[in-house]
Amino acid sequence: NAGVTQTPKFQVLKTGQSMTLQCAQDMNHEYMSWYRQDPGMGLRLIHYSVGAGITDQGEVPNGYNVSRSTTEDFPLRLLSAAPSQTSVYFCASSPDWDSYNEQFFGPGTRLTVL
Amino acid sequence: ELKVEQNPLFLSMQEGKNYTIYCNYSTTSDRLYWYRQDPGKSLESLFVLLSNGAVKQEGRLMASLDTKARLSTLHITAAVHDLSATYFCAGGGADGLTFGKGTHLIIQP
Chain C
4 NAGVTQTPKF QVLKTGQSMT LQCAQDMNHE YMSWYRQDPG MGLRLIHYSV
54 GAGITDQGEV PNGYNVSRST TEDFPLRLLS AAPSQTSVYF CASSPDWDSY
104 NEQFFGPGTR LTVL
Chain S
31 ELKVEQNPLF LSMQEGKNYT IYCNYSTTSD RLYWYRQDPG KSLESLFVLL
81 SNGAVKQEGR LMASLDTKAR LSTLHITAAV HDLSATYFCA GGGADGLTFG
131 KGTHLIIQP
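One line per chain: the protein sequences are C and S, in this order.
Sequential numbering from 4 applies to the first sequence in the working numbering.
Sequential numbering from 31 applies to the second sequence in the working numbering.
Excised from the complex, chain C in its bound form (with noise of 0.2 Å):
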C-alpha cells in the first residue's frame, strides 16, 4: 500500500490563480480530511468528508472547495489564491470515525502564494 499520496509536492502560485491539491489513499478509508499548518499555529482543520459524496466544513474552509466523488480521492480546489493561503497543506484518512482509529497522515505539499 502507498498510504496517504499528496501531489504536488511543492507549488508556487501567483494570487488569484486556481490549482488543485490532490489527496488519494489506497487503503479503503472512509474518512478523509485536509488541513493546513502555519508556523506557530498547530494543525487547522479545512474540509472533512466521511464517504464518498459527504463533505463537510472544518475550522477555516474559506477560500476552498473540496468534493469526493470516489472513496480514494479527496482533491482541495483554491479558486483564486491569496497570500494568506501560503501553508503547508496536509491530507489525513482514516478507516472510519467511528472506530477511533489513528489517522494517517500524507507528506504534504507546500503552497507559496506570491
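In case anyone wonders, no lab produced these hints; they're calculated from the structure.
The calculated BS3-like cross-link candidates involving lysine-lysine, where the alpha carbons are at most 30 Å apart (straight line), are: (1) C:Lys12 to S:Lys131; (2) S:Lys131 to C:Lys17; (3) S:Lys33 to S:Lys98; (4) S:Lys131 to S:Lys33; (5) S:Lys86 to S:Lys71; (6) S:Lys71 to C:Lys12; (7) S:Lys71 to C:Lys17.
Chain C is fixed; fit chain S onto it per the hints.
This is chain S only, laid out in the frame that chain C set:
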C-alpha cells in the same frame, strides 16, 4: 468549540532527563491523539487515548488521559537526542480534530 492548549511550547532538555508535556482541552473530546513531527516532515501517530485513565507506552514515551481534568500528558523518560521533534496533541470527534500548537522539543547531549 473545542480548544486544545499545550505547554510548554518550547522545551530544551538534556539527555537522560525526564520531562512531561501537558495538553489541556476545553470540552468533552471523544479521543485524544499524540503526534510527532520532524522538521519538514509529516505527522507520525504516537498514541490514541480513548478512555479515562488510559495509559499507553512506547519506548521512552508514555501518554495518559484524565477526562475529568480534561488533561493528557506525554512523559519522556531518560530522553535521548533522537526524540528531538515537535509533539502535537489533538482532540475531537466526528467533525474533525483540533490540534494544540505543538511543543518544540530539543534534547541536547
